[in-house]
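One line per chain: the protein sequences are E and H, in this order.
Numbering follows numbering that gives the first Met the number 0, in which position 129 of the first sequence is assigned residue number 128; successive positions increment by one, without gaps.
Numbering follows numbering that gives the first Met the number 0, in which position 45 of the second sequence is assigned residue number 44; successive positions increment by one, without gaps.
Careful, some of the hints might be misleading.
To be verified - To be clear about the criterion: a stretch of chain E counts as covered by chain H if any three or more of its residues have a C-beta under 8 Å from a C-beta of chain H, and this derived list gives those stretches:
(1) 9-18
(2) 64-75
(3) 195-205
Unchecked claim - Simulated restraints on C-beta separations:
(4) H:Leu175 <-> E:Arg2: 40 to 46 Å
(5) H:Ile13 <-> E:Ala132: 51 to 57 Å
(6) E:His135 <-> H:Gly239: 40 to 46 Å
(7) E:Thr7 <-> H:Pro267: 42 to 48 Å
(8) E:Ala75 <-> H:Asn187: 29 to 35 Å
(9) E:Arg2 <-> H:Pro267: 53 to 59 Å
(10) E:Asp168 <-> H:Phe8: 38 to 44 Å
(11) H:Ala279 <-> E:Glu57: 35 to 41 Å
Claimed, not checked - Taking beta-carbon pairs under 7 Å as the criterion, some of the chain H residues facing chain E (in silico):
(12) Ile149
(13) Gly207
(14) Ala208
Read the hints as simulated data drawn from the structure, not as lab findings.
The structure presented is a predicted model; accordingly, all values stated were derived computationally and were not measured.
Just so it is clear, CB atoms sit at the ideal spot from N, CA and C, and this is done for glycine as well.
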Amino acid sequence: MIRLDNVTKTYKQTVVALSDISMEIVKGEFVFLVGPSGSGKSTFIKLLLKDEEPDRGEIFVAGKRLARLKSWRVPALRRELGCVFQDFKLLDNKTVYENVAFALEVIGKPQPTIQRTVPEVLDLVGLAHKTAAYPHELSGGEQQRVSIARAFVNRPRILLCDEPTGNLDPTTSVGIMKLLDRINRTGTTVVMATHDQHIVDSMRRRVIELQDGAMVRDQNRGMYGYGA
Amino acid sequence: MGPRWRYLFNEVLIGLRRNLLMTLATVVTVTVSLALLGAGLLVQRQVDKAQDTLYSEVEVSIFLLDGISEEQLASLEGDLRANPVVADVLFESKQQAYENFLEIFASDENLINAVTPEVLPASYRVKLTDPEQFTVIASQFDTYPGVDQIIDQREILERFFRIMNALRNGAIAVALLQLVAAAALISNTIRVTAYARREQTGIMKLVGATNWYIRLPFVLEGIVAGVVGAVTAGLLLLLGEATLVSRLKTEVAFIPFINAGDVMSTIPILILIGAGIASAASFAALRRFLAV
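Kindly generate the complete structure, drawing on both the sequences and the hints.
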């Protein structure tokens, strides 16, 4: 589903964000990407979205070789990837329903499909009762659920999460992780960048650790740190 | 209306409203530049229209000295009629010249009182088969005894047309400068709008909206400003035609003037130019900002 072959990315020729990373993530996996701030987690996600280009190496996502992907095919790639961020990235002037529907409208889905799938996915994330609410009327956890619903409404094959619990308290985070776990069980590959030690330790999934752009660990059923 | 069209319509409206003053400045600039450009085109059309009629009425005047003898007169007229480029010859005596003078300057009493039949020269009014052949006549008859001077009315007209052409060139030059300003304003407006909506466009990119879909509302916003400016310019020109040209028409009856139809037919050109420049400016503004 995702493969990196000797990928190196530097910014402005001097700052090394990722150096010589090779890895493979197969369909249906749940992978934690851990490491301190600036270790290259966000760069990793940007590379998968073809938001950034690597300096060296090859990246394959959902069967596509990104270096060969023409710019007009990038939207098609992104429709296979759902994205969740620490800051939710919801539109304040749209309701919960409209925020989720927006993701379908702008890729040209017909209105009947939108009217059918949006309530479904809002039900999945547990917000069926808040469809008409605006983001500022919701708690952080609820806002993140909306953002997950938006990322998942088009049934992407891969869900990329960049610190999805970074702004949430531990209890709320647990709820979000349960939701991501549920989505993973539908066969969706989930890649989650985080430095929430507690979550990584309790989930016991594959852990890939980055440090200063280098991959220092790839461990199945891992913990946040070696000693923990 | 499908969701796609509703979306587009809303986005364009929001964009235009968000920056009302800027939009206004843009529209005014587009209006001024296109009105000038349209005026330039219409001057050109006016010149074209008047040229044919005026040239066909043009005569060569051969003014005669007061002391010209009957024989000289007879040989001059005979040679004139024999010349192949001459279509028609008309003799205007001093008395006839005076009567024409009275008619033309009927409103100017001072002038009429100052002039007597004696001071006006007699002349031959010669119509040519081809008005371009003036030099043939001038070189042949200039040396005839009793001929004072030969005047080609076309030269007077040409001076007039030169002025008209200069006016047209000036209008178009200023219009082009204004269009550059308009393009810069449109570009800037679109950049501001795009910046204000960067969150939304960021999400659109993320969920895989195509570049076209993301850019269309911005480009349309620019085009709306361009077209509104062009239509306003067209209305201004129509107003100008209805007031200025119509008044001229009643005072200068002998040449054909442009009419409302001529103005109407330039409006599509203005709209095309307005829309073209607006979309080019919008694309230029978005190229960097919304690149995937």
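In ascending order, which of the hints set out earlier in this document are inconsistent with the structure?
1, 3, 4, 5, 6, 7, 12
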